[in-house]
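Colleague: We have chain F already, so just place chain Y on it with the hints.
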Amino acid sequence: MSPTAALGEATLHRRAIEQVAPPSILVDESHRIVHLSNNAGRYLLPPGGPLSDDVVDLARPELRFELRSCLHRVFEQNQSTLSLPIMVQFNGHGNRVHLFVRPASDSVSPRHALVMFIEGGAVDESVLSGDSQISDDTVRRLSQELELTQSRLRTVREESDAANEDLRAANEELQSINEEYRSTAEELETSKEELQSINEELQTVNTELKLKLEAISRAHSDLQNLMAATDIGTLFLDTGLRIKRFTDRVTELFAIKLADEGRPISDFSHQLEYGDLIKDARMVLSDLAPIRREVRSRNGHWFDTRLRPYRTVDDKIDGVVVTFLDITDRRQMEEALRQEKRLVDLSREPIFVWDFDGGILEWNRGSEELYGYSRQEAIGQRKDRLLGTMVPGSSFDDIKKALFESGNWSGELRQRTKDGRDLTVESRIELVPLDGRRLVFESTRDITERKHWDERQRLLLGELTHRVKNTLAVIQAIARQTLRSSSSNEDFIEHFDGRLAALSRTHGLLVESDWRGASLAALARQELEPYTSDSSERFKIEGPSIILPADLATPVGLVLHELATNSTKYGSLSRRTGTVNLSWTLNRGNDSQVLNVLWEERGGPAVESPKRAGFGSVLIESSIPGAKVQREFRPAGLICRIELPLPRATDNGKSQ
Amino acid sequence: MGRANEVASTPPRLDGARVLVVEDDFFIGLELADVLSDAGAEVVGPMQTVQAALAVADDRTLSAAVLDIRIGNETVEPVARRLAEHEVPFIFYTGQSGSDPIRTIWPGCKILAKPALPASLLTAVAGLMKKPRREQRSAKRS
Numbered sequence: 009m010s011p012t013a014a015l016g017e018a019t020l021h022r023r024a025i026e027q028v029a030p031p032s033i034l035v036d037e038s039h040r041i042v043h044l045s046n047n048a049g050r051y052l053l054p055p056g057g058p059l060s061d062d063v064v065d066l067a068r069p070e071l072r073f074e075l076r077s078c079l080h081r082v083f084e085q086n087q088s089t090l091s092l093p094i095m096v097q098f099n100g101h102g103n104r105v106h107l108f109v110r111p112a113s114d115s116v117s118p119r120h121a122l123v124m125f126i127e128g129g130a131v132d133e134s135v136l137s138g139d140s141q142i143s144d145d146t147v148r149r150l151s152q153e154l155e156l157t158q159s160r161l162r163t164v165r166e167e168s169d170a171a172n173e174d175l176r177a178a179n180e181e182l183q184s185i186n187e188e189y190r191s192t193a194e195e196l197e198t199s200k201e202e203l204q205s206i207n208e209e210l211q212t213v214n215t216e217l218k219l220k221l222e223a224i225s226r227a228h229s230d231l232q233n234l235m236a237a238t239d240i241g242t243l244f245l246d247t248g249l250r251i252k253r254f255t256d257r258v259t260e261l262f263a264i265k266l267a268d269e270g271r272p273i274s275d276f277s278h279q280l281e282y283g284d285l286i287k288d289a290r291m292v293l294s295d296l297a298p299i300r301r302e303v304r305s306r307n308g309h310w311f312d313t314r315l316r317p318y319r320t321v322d323d324k325i326d327g328v329v330v331t332f333l334d335i336t337d338r339r340q341m342e343e344a345l346r347q348e349k350r351l352v353d354l355s356r357e358p359i360f361v362w363d364f365d366g367g368i369l370e371w372n373r374g375s376e377e378l379y380g381y382s383r384q385e386a387i388g389q390r391k392d393r394l395l396g397t398m399v400p401g402s403s404f405d406d407i408k409k410a411l412f413e414s415g416n417w418s419g420e421l422r423q424r425t426k427d428g429r430d431l432t433v434e435s436r437i438e439l440v441p442l443d444g445r446r447l448v449f450e451s452t453r454d455i456t457e458r459k460h461w462d463e464r465q466r467l468l469l470g471e472l473t474h475r476v477k478n479t480l481a482v483i484q485a486i487a488r489q490t491l492r493s494s495s496s497n498e499d500f501i502e503h504f505d506g507r508l509a510a511l512s513r514t515h516g517l518l519v520e521s522d523w524r525g526a527s528l529a530a531l532a533r534q535e536l537e538p539y540t541s542d543s544s545e546r547f548k549i550e551g552p553s554i555i556l557p558a559d560l561a562t563p564v565g566l567v568l569h570e571l572a573t574n575s576t577k578y579g580s581l582s583r584r585t586g587t588v589n590l591s592w593t594l595n596r597g598n599d600s601q602v603l604n605v606l607w608e609e610r611g612g613p614a615v616e617s618p619k620r621a622g623f624g625s626v627l628i629e630s631s632i633p634g635a636k637v638q639r640e641f642r643p644a645g646l647i648c649r650i651e652l653p654l655p656r657a658t659d660n661g662k663s664q
Numbered sequence: 265m266g267r268a269n270e271v272a273s274t275p276p277r278l279d280g281a282r283v284l285v286v287e288d289d290f291f292i293g294l295e296l297a298d299v300l301s302d303a304g305a306e307v308v309g310p311m312q313t314v315q316a317a318l319a320v321a322d323d324r325t326l327s328a329a330v331l332d333i334r335i336g337n338e339t340v341e342p343v344a345r346r347l348a349e350h351e352v353p354f355i356f357y358t359g360q361s362g363s364d365p366i367r368t369i370w371p372g373c374k375i376l377a378k379p380a381l382p383a384s385l386l387t388a389v390a391g392l393m394k395k396p397r398r399e400q401r402s403a404k405r406s
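Residue numbers (the numbering used here), protein chains in the order written: chain F, 9 to 664; chain Y, 265 to 406.
I should point out that these hints are in silico values taken from the structure, not numbers from a laboratory.
For clarity, every value in this text was computed on a predicted model and none was experimentally measured.
No residue lacks a Cβ here, since even glycine has one placed at the ideal position from N, Cα and C.
Incorrect hints may appear among the rest.
[What the hints assert, rightly or not] For each label pair, taking beta carbons as the anchor points, the in silico distance ranges come out as:
| no. | chain 1 | residue 1 | chain 2 | residue 2 | range |
| --- | --- | --- | --- | --- | --- |
| 1 | Y | Asp-302 | F | Lys-577 | 23 to 31 Å |
| 2 | F | Glu-385 | Y | Glu-349 | 57 to 65 Å |
| 3 | Y | Thr-368 | F | Ser-617 | 50 to 58 Å |
[To be verified] Take a look, some chain F residues computed to stay more than 12 Å from chain Y by CB distance:
| no. | residue |
| --- | --- |
| 4 | Asp-36 |
| 5 | Leu-122 |
| 6 | Ala-178 |
| 7 | Arg-301 |
[Said to hold, decoys possible] One-sided and incomplete, this derived list gives chain F residues near chain Y with beta-carbon spacing under 7 Å:
| no. | residue |
| --- | --- |
| 8 | Val-482 |
| 9 | Ala-485 |
| 10 | Ile-486 |
| 11 | Arg-488 |
| 12 | Ser-631 |
With the rest of the complex left out, here is chain Y:
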């Protein structure tokens, strides 16, 4: 379902992208930020609470987001909704099992299972940012 694409031999670059990271675990957030930064992206976060994430979700310059589903005792859903409103693509990065209700709310979204290889993460985020362009093209054709 939400599996990342096959790992490319060289991970894609994310130069110029602004990526929001929402992750309550300090270590995972730290590592995510490092991986994304190493690929050239500008990282917003990692945000450890929903409140903090919402505070930056309205930033129109965001290119993509990586969201942990469970943030403390809350879910990341309000953030996801806000991002969807602004048409910012996002992936869920979660250890949650398949029956999570978030999947029924966001049936089309990408889910990356924890723990993922840095290359898988980068491929998935890069895929997110290509997607809208492709959709625009198909819309023009029709």
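Bound-form chain F, shown alone:
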């Protein structure tokens, strides 16, 4: 124990403190003794049994209770404790001892505690002796009980501590379980929400599906109705040409029933004259190009048959759709139309169609023949311009008005042919609105010739009226003139009848020539023959062929008649042997020609000039316009010379 030179003064100092300082014990958390100071052993009194290193067990019994609570306070609450004086018996002497327990370090949770015993000095025995004798036993008993109780309490406390500890652990577990539960609950909550949203989605999807289902079922029902209602035979075949579906009309063409769905179509006979049906269907499947044919059925109906590839919604080819549309009516109409068109074309009547606001659309053969324009030339041309149409006695506006009011018009039009010939046509026009266009159907009839004849007839009739009236006036004049120079009714009648007959004969000749004129020879023969019926030897007619114009023929005829009558009355023809020689010559000048007629009587009685110039004489000498008439009453017979200038137009002797 002697201090070595090596020890520092600090150690010296600590030792000194240790010698002076109260005895102390360093205790750890579990109350085990870590270190004892030199003189601390006096406060220890280990109990019997196995040696424990617990300071509470090792301390003197009087100190134990206080020590435990002090330690507890240090470790649990980090508080120093100075206890009240405790009576401790050392070798029969009681001593007051204070316990001072404090944490060994200043840390918040001390791992060690320092227990110091501070002696307060010996207790005066005498002070205690008064009662000691009396109470000694009681005190001992009580103190034993107390110690027992303390021990029990300690045990209970330890148990309680242990239980407490357990409970704490359990609590912690519970707490952690609780937390787990909570997190689980949260997860569950999340899951629940997710489920809810999924549910909602499902519900939406479900609704959509329901709607789709409804739409599909409606579409299906529509399809069913369509199939039932359609008048078009429709046959669905799959890629193997087996029947998938068909409408009722198909059963009229194919010998199939509802139960035949799924069987190949080639197994069934059909009414169509369409041997290539299967081949065509295969071709549609391979080429994917639709095929269309007009096919006749055995009962005379026509079907527009179309084969198309069956395309699914996602554009896959899944068979063939065959449709049969009855077009018998259309075919018949087409045929009828073709025949009508042929008829129209055959017609000699021009028939054509033009657009009211445009050109010619149709032009039949009759139009080609009448107007000279071929179909190619006419189509597309404005009709009025092409034909140079004019509306005599009316106007285009009137025609348009009539067309818009009643839809048709008919009347006369002037039109011109390709070679410039003017036509008068009778036109019938009908305006037919068609697809927003205004079509005009026009049929014309060439009445040019008829119009021409009408006009000619009108002129002829006018001419005839004029001639008749003129002739009547001539007859009236002759009658009145005859009457003026007649001595009696009989005389008048004889002369007038003769002159009328002569006029009529000349008239007859003129009519035969269409009033162009009368041959002088024919005229003479007509006038002389009635008086020489017994012998044609009695008169001679000589001369070139001369045609007298109508205005000369009439008076010349009358003059010849007068000469002949006079001759039968007073001249050569009044004797059986008398003759008349009638001759004429035509003397042509540079721009005129003169007819010289010579009337020569022979073999009659001697003649002399009439006593007075009656109408007969005036007639002979003056009635021929422009003529010079000279009569010589010779004893041998009458000679009459007529010198008549003829207009050049009548010079047709050369042509005969």
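Modeller: Okay, now just chain Y, sitting in the frame of chain F:
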């Protein structure tokens, strides 16, 4: 239109009148001249050609004229025009039908249809000669 007035019981006289007759037909002209002469008129003609008629148309002493419309291949129109210039009244004596263009040229003139009774002719010619006097009177009144 051009119808002659109703035939009077006794045909009117034309004494002192000089009447030109243009008629290419000899017989009708002869008869016209006789009828007019019988009524006291002095007849100029009958002229059988337009040329001959024109030669006398300027005669200022003419009181009236009777004209056939068609003279040969011509019409009497130049004669009618000349007479109108000299204010000599005339009638047409014709067998021509109503559509003759002469009617549109002379819308107011008298036309006597062939064949006419002598009395109708005389009434018509007498009517011609009264007419100018009447017109003069109406002109004075206004």
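Colleague: Going by Cβ atoms, does Asp-36 of chain F stay more than 12 Å from chain Y at every point?
Modeller: Check passes; 167 Å lies beyond 12 Å.
Colleague: Examine each Cβ of chain Y, and state whether all of them lie more than 12 Å from the Cβ of Arg-301 of chain F.
Modeller: 71 Å, holds
Colleague: Would the hint on Ile-486 of chain F be counted as holding, given a Cβ-Cβ threshold of 7 Å to chain Y?
Modeller: 5 Å, holds
Colleague: Holds or violated: the hint that Val-482 of chain F contacts chain Y, with Cβ atoms closer than 7 Å.
Modeller: 5 Å, holds
Colleague: Report holds or violated for the interface hint on Arg-488 of chain F, using the least CB-CB distance to chain Y and a cut-off of 7 Å.
Modeller: This interface hint holds because 5 Å falls under the 7 Å limit.
Colleague: Is the claim that Leu-122 of chain F lies outside the interface with chain Y correct, judged by CB distances over 12 Å?
Modeller: Since the minimum Cβ distance to chain Y is about 171 Å, Leu-122 of chain F lies beyond 12 Å and the statement holds.
Colleague: Compute the least Cβ-Cβ separation between Ala-178 of chain F and chain Y, then decide whether it is above 12 Å.
Modeller: 150 Å, holds
Colleague: So, as I understand it, the hint says Ala-485 of chain F touches chain Y; can you test that by seeing if any CB pair is closer than 7 Å?
Modeller: Result: holds, 4 Å to nearest chain Y Cβ.
Colleague: Return the status of the interface hint for Ser-631 of chain F: holds when the least beta-carbon distance to chain Y is below 7 Å, violated otherwise.
Modeller: Hint holds; Ser-631 of chain F Cβ to chain Y Cβ min 4 Å, cut 7 Å.
Colleague: Is it true that the C-beta distance of Asp-302 of chain Y to Lys-577 of chain F lies inside 23 to 31 Å, as the hint says?
Modeller: 29 Å, holds
Colleague: Given a hinted range of 50 to 58 Å, is it respected by the beta-carbon distance of Thr-368 of chain Y and Ser-617 of chain F?
Modeller: Holds, since Thr-368 of chain Y and Ser-617 of chain F (Cβ atoms, about 51 Å apart) stay within the stated range.
Colleague: Using the beta carbons of Glu-385 of chain F and Glu-349 of chain Y, state whether their distance is inside 57 to 65 Å or not.
Modeller: Cβ of Glu-385 of chain F to Cβ of Glu-349 of chain Y: about 58 Å, so the range 57 to 65 Å holds.
Violated hints: none; the structure is consistent with every hint.
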